Structure formats: structure tokens, C-alpha cells
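2 protein chains.
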Amino acid sequence: MHWDDEKLMLRALEIARSGMLSGKGGPFGAVVAKAGEIVGEGCNEVTSTNDPTAHAEIVAIRNACTAIGAFQLEGCRIYTTCEPCPMCLGAIYWARPEKFFFAGTREDAAAAGFDDEMIYEEIALSVGERRLPSENILRDSSKELFQAWVDLPDKITY
Amino acid sequence: MHWDDEKLMLRALEIARSGMLSGKGGPFGAVVAKAGEIVGEGCNEVTSTNDPTAHAEIVAIRNACTAIGAFQLEGCRIYTTCEPCPMCLGAIYWARPEKFFFAGTREDAAAAGFDDEMIYEEIALSVGERRLPSENILRDSSKELFQAWVDLPDKITY
Numbered sequence: 012m013h014w015d016d017e018k019l020m021l022r023a024l025e026i027a028r029s030g031m032l033s034g035k036g037g038p039f040g041a042v043v044a045k046a047g048e049i050v051g052e053g054c055n056e057v058t059s060t061n062d063p064t065a066h067a068e069i070v071a072i073r074n075a076c077t078a079i080g081a082f083q084l085e086g087c088r089i090y091t092t093c094e095p096c097p098m099c100l101g102a103i104y105w106a107r108p109e110k111f112f113f114a115g116t117r118e119d120a121a122a123a124g125f126d127d128e129m130i131y132e133e134i135a136l137s138v139g140e141r142r143l144p145s146e147n148i149l150r151d152s153s154k155e156l157f158q159a160w161v162d163l164p165d166k167i168t169y
Numbered sequence: 012m013h014w015d016d017e018k019l020m021l022r023a024l025e026i027a028r029s030g031m032l033s034g035k036g037g038p039f040g041a042v043v044a045k046a047g048e049i050v051g052e053g054c055n056e057v058t059s060t061n062d063p064t065a066h067a068e069i070v071a072i073r074n075a076c077t078a079i080g081a082f083q084l085e086g087c088r089i090y091t092t093c094e095p096c097p098m099c100l101g102a103i104y105w106a107r108p109e110k111f112f113f114a115g116t117r118e119d120a121a122a123a124g125f126d127d128e129m130i131y132e133e134i135a136l137s138v139g140e141r142r143l144p145s146e147n148i149l150r151d152s153s154k155e156l157f158q159a160w161v162d163l164p165d166k167i168t169y
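Keeping their order, the protein sequence lines are chains A and B. Going by this note's numbering, the first sequence opens with residue 12, and the numbers climb by one from there. Going by this note's numbering, the second sequence opens with residue 12, and the numbers climb by one from there.
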């Protein structure tokens, strides 16, 4: 199995540039490959699809999972043109690839006007310290729900 | 404007339970409301749609943004049956609601077998310390791309 990591990243950069120039969204692209071959691609589509979750990595992961018919990217590598924001890094953990590559860093993204660094700082804070208010209510009802899940037979875990 | 936060959370809990029982995915639900009225709902659909990003909050945010025709949830509140994982918390920051409510905590989720807590720990580590390998390549090419974005006229920022 041959992985040409630079070639795959160059493809992600190409997708990022064409997506940006055609007005799909921000300057970000991503590629998912399995056994060295591309199985999913995506560029940022936030502003053109009214979807704040349509970052390149999320789009590419969704496309790759659809293509391979699985909710896990086993044995895959992800190539993203910028260090993933916390949303996308979380998505990468849930997708469970073997490795990911990034070109720009979160500092590069911040310098270009993106909030990634701020979100990293916020996520590390405890609930009460964040600038975005949140509140815990009806916890007992949630516990009943989790217990129903634990007791559920024949469930598919992930 | 009246917000019945408990009623909206109870709706999220109902969606979570019916999604779980109908085999859509894990025991999670979310509701997005604007001016007290529901504008988007979602349950976890990871295993039924082969989409590791289809957590309840992501699904609800996407549905709400489609419904209101915007990529920002200005003046909205999000009700999620469990403290958001880093992916979903990141998505909430990008969607920019005014506040969010959660029922279960990340500890409750971990006790029911979900990886949220592990991902929170991983995200806080530096790139080289994480269990998931990653590598920075072609950073200079990314810098050119970001500069092209900065120089782009008439772009929609987010």
C-alpha cells in the first residue's frame, strides 16, 4: 500500500482554493483516503449552504463514510488544509481514522480571521467560566434515558 | 417572549428516546428554539446513516439553520439531552446561539459507555501528546491559501 501524503494534501489544497473561489465558503479543504486512494473529499460550505457545521473535514468525513458504507474510517488517513478546529477534531476522533495530516496551524487560521483558537480556549474552561452561557437542567431525566440505553438489547454501539 | 426551558428540554428527551428505540442511534436528542418556539430538532443518527458527525446537536443545528435560512442561530437557545461532546460544543460556538441547556453531564455519558470525556482530554493536549497521530506538512502552501482568502474581495465571513 502506497501513501503519497504530499500529493493527497495538495489535492486538499486544490479543493480548498476552488471552493473558496467559487463562493462555497472559507479557504479550507479536506480529503479522506483509504489504502492510499481518495474515498471522500470536501470543502468548507458554511455560507453557501447555511450550515455552520459544513467545515471541510466534516463534509469529507460524511462523504467518505457514505462511500465506504461505514460510520468508522478504519485504516483511513485524513488530509486537511488547516489544523482542525475543536468541532472537526472531535469529528475526527469519532470517525477513528489511523492518522491525520494538516497544513496550516490554528495560529495561521486565527491570523486569517477565524475563531478556532478562541473555541479551543473556551472548550478547555469549565461550564461556568465560558463566555457562552449554559445551564444544567433535568439531569435526572437524562439518567433514566442513559439507563434505558444501557438496558437496551441488540444495540449498535459506536 | 416566553421561554419554557423545561418543556423544550422534555421535548429533546422525548426525541432522544424515540430515536434510540427506533434504532436511529444513541440516546441523544436536541432542540433549537427561537423566541421560545422550536425551529429545529434532531436525534443521534450515527449508526443508521453511517455518519459519525450525526450527533443530535449537529442534526438539530443543521435543521434549524435550514429552517431559518441562516448560518447563525442568532437569538436562539439549544436544548440537548447531554452535555455536548467537543465536536458538538464546537458546532454550538460556530452556530452562535445565545445560550444552551443540557441535561446529562459528560460523566453521565462516560458511565453509559460514550467517549466524550476521552475526547475532551485529548483535545486539551498538544498535537504530539495525543493518542491519535497527526503531522504538519506543506504549511507554506496553506499560508498562500490564507493570504488569497485575506485578499479576496466581497467574501462572506463567518
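Note that these hints are calculated values from the structure, not bench results. There's no promise every hint is true.
Identical copies go unnamed one by one, so any copy, or any two together, can satisfy a pair.
Stated by the list, open to error - SDA-like cross-link-like pairs, simulated, lysine to any residue; straight-line CA separation at most 20 Å: (1) Lys45 with Asp16; (2) Lys154 with Glu118; (3) Lys45 with Gln83; (4) Lys110 with Leu136.
Keep in mind that this is a model prediction, so the values were computed, not measured.
Tested hints:
Proximity of lysine 45 to aspartate 16 under the C-alpha cut-off of 20 Å is restricted to the intra-copy arrangement: shortest distance 12 Å within a copy versus 45 Å between copies. For the identical chains of this complex, lysine 154 and glutamate 118 are inter-copy neighbours only, at 11 Å across copies versus 39 Å inside a copy, given an alpha-carbon limit of 20 Å. Proximity of lysine 45 to glutamine 83 under the C-alpha cut-off of 20 Å is restricted to the intra-copy arrangement: shortest distance 12 Å within a copy versus 34 Å between copies. Taking the shortest Cα distances, lysine 110 and leucine 136 sit within 20 Å of each other only across copies (16 Å), while inside one copy they are farther apart (27 Å).
Violated hints: none; the structure is consistent with every hint.
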